[in-house]
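Asker: Input sequences plus hints: build the corresponding full structure.
For the sequence shown, the positions run -25 to -1, 1 to 490 when mature numbering (1 follows the signal peptide of the UniProt record, and there is no 0) is used.
Just so you know, not all the hints are guaranteed correct.
Calculated pairs, BS3-like style, for lysine-lysine (alpha carbon to alpha carbon, straight line, at most 27 Å) [what the hints assert, rightly or not]:
| no. | residue 1 | residue 2 |
| --- | --- | --- |
| 1 | Lys45 | Lys121 |
| 2 | Lys258 | Lys121 |
| 3 | Lys147 | Lys68 |
| 4 | Lys121 | Lys171 |
| 5 | Lys66 | Lys121 |
| 6 | Lys45 | Lys171 |
| 7 | Lys171 | Lys339 |
Rather than coming from a laboratory, the hints here were simulated on the basis of the structure.
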Amino acid sequence: MATTIPLLSYLLGVILFATLPYASGLVYPTDASGKPLPNSIQTYYIDALNLWRNRDLYQSGLDDLNPAVKRVARLGNASVDDQTVYTVTAKNKSQLAPSNNPHDYYSLARYFWPNNLTVNGLPYVRIDGRLNPESTQVADEAWLSKVVEDVWNAGLAWFWTGDVRYADVGVKRLRQWFLDDATRMNPTLEFAEVVKGRTAPQTVTIPSNIPPGWPGTTTDDVWDHIPVGWPGRPAGVARIKRQVPATSITFAPYNGSLMAMSTFYELIDGVSLLRTSPSLTSKDLASFTNWTTAYLQWLQTSPRGQYESSRTDYRGVWYDVQEVSLLLYLNRTNDASQVLRNRSSYRIATAISPNGNIPVELAKTSSWESSVTFVQGLFALGTLSQNGGLEVDLFTVSTSDGRNIQRALDFLYPFALVNGSGWPVPSNRAFQNGEAITQLCKEAWVVYGDQKYQRAVQTLQGGNPETWNPSRLWAPYLAFDAAVEAAAWKGAVANWRLVLGMMVLSIVGIGFSTA
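Answerer: Structure follows, in structure tokens:
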């Protein structure tokens, strides 16, 4: 039977554990509000105070977090054992960006395929929701993701174990991809998600046997210029952008997604944790600050960055995540607050319906996945706003008719509980719960304290709590997924502070209960 903590118990426990480090004499550098100073740790997505407190309890002998600590250690060990040199320059000439500069990040748009109506297959045309395997043959996207994950995992493993091997591998990955002159990535995503044949305006002559339904123009997100019945067009799709005959068609340059850097907040928190290790030098930090400054400049001023900022779907939300993460790392907190106030809040007010659905995502063929990705971005922004100490707490932003982050999640998660039954629009992909919606419900339980999210987590996990989940390491202690009663009392034998906590909860008659 799953174990839960009633809301009042949870809140009392949080208050109690908030005082434990000071009662036990734990000392670490903090400012007046109790936040660790930069010469200890200063994370932005991770809650630094919870991370410190949880580690203190763990080192005091409590074993609730053992599975999560072992998980980050295993991930760290995998990185240590992986001798691959992950660099943007490690690719052959056939995989270079159109610039022919090996330092430029390069990837291909996933849903674009060779054009069956032209001799050379150019320009590639969009078939929404159908992955072109050619896009996976260029390694930059997968390798950048691997580098970010390794730095993040290394930072956590180092912080929790003190094993310098983890710090060494995290710093090695950082240097190879971002810092070393011979292998560093240029600080742009100018050639991310390239569509072959559309890096510049291009006019293509249409063969004379093309039926009249062929459109005269196309836009970034329209694949419908493949006529009905022609190879590559999904059966049963009858939309045509323009019902006019044409002898040629002009394709505009394609502005591909910048999602490759969407988890930059993990990278900067990994670096922040590695600051306490002997592996990361002041030269490394200065170089990384220079790189992030240059990338932020490109993100804010380049046509591609500005286009991404203007998007109203999840790509726009995740642009905000990148920008806010970078501004926080560079200590530009006022500017980060401005982004949340002027743009992210506007997205909440305009993209989310009063009932919580997100019309711009429901219109896509991958409507469920896209809707979840949108809400994930909002939760990332909300977490950054809280843990980054910004003036705007995005979790509290709401319109008069109830458009807010919580409403968007409340629209989504009930469908996950019934395997997508009743989802309002058809989708071209099988419905998947995955870890994403479960993790969102866990985060919502911490943010809002509503037990419906805890119950949803239990249902989605099928009675198998993810005690290994690393996010437990910076959540309030025993917030979710812990066998509270058994493990806590077991650890209490060696920890007078927890005995005191249990006594307080028992005296006030709250205690722990099972559901």
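Asker: All hints, please: hold or fail.
Answerer: Okay, the hints, checked on the actual structure:
At most 27 Å may separate the alpha-carbon atoms for a hinted pair to count; Lys45 and Lys121 meet this at roughly 20 Å. The suggested pairing of Lys258 with Lys121 holds, with an alpha-carbon distance near 23 Å, which does not exceed 27 Å. Distance hint between Lys147 and Lys68 is fulfilled; the C-alpha atoms sit about 25 Å from each other, no more than 27 Å. The suggested pairing of Lys121 with Lys171 holds, with an alpha-carbon distance near 25 Å, which does not exceed 27 Å.
Restraint check for Lys66 and Lys121: the C-alpha separation of about 16 Å stays at or below 27 Å, so the hint holds. Under the criterion of a C-alpha separation no larger than 27 Å, the hint pairing Lys45 with Lys171 is inconsistent with the structure, at around 44 Å. With a C-alpha separation of about 23 Å, the suggested pairing of Lys171 with Lys339 holds against the 27 Å cut-off.
The structure fails hint 6 only (numbered hints given earlier).
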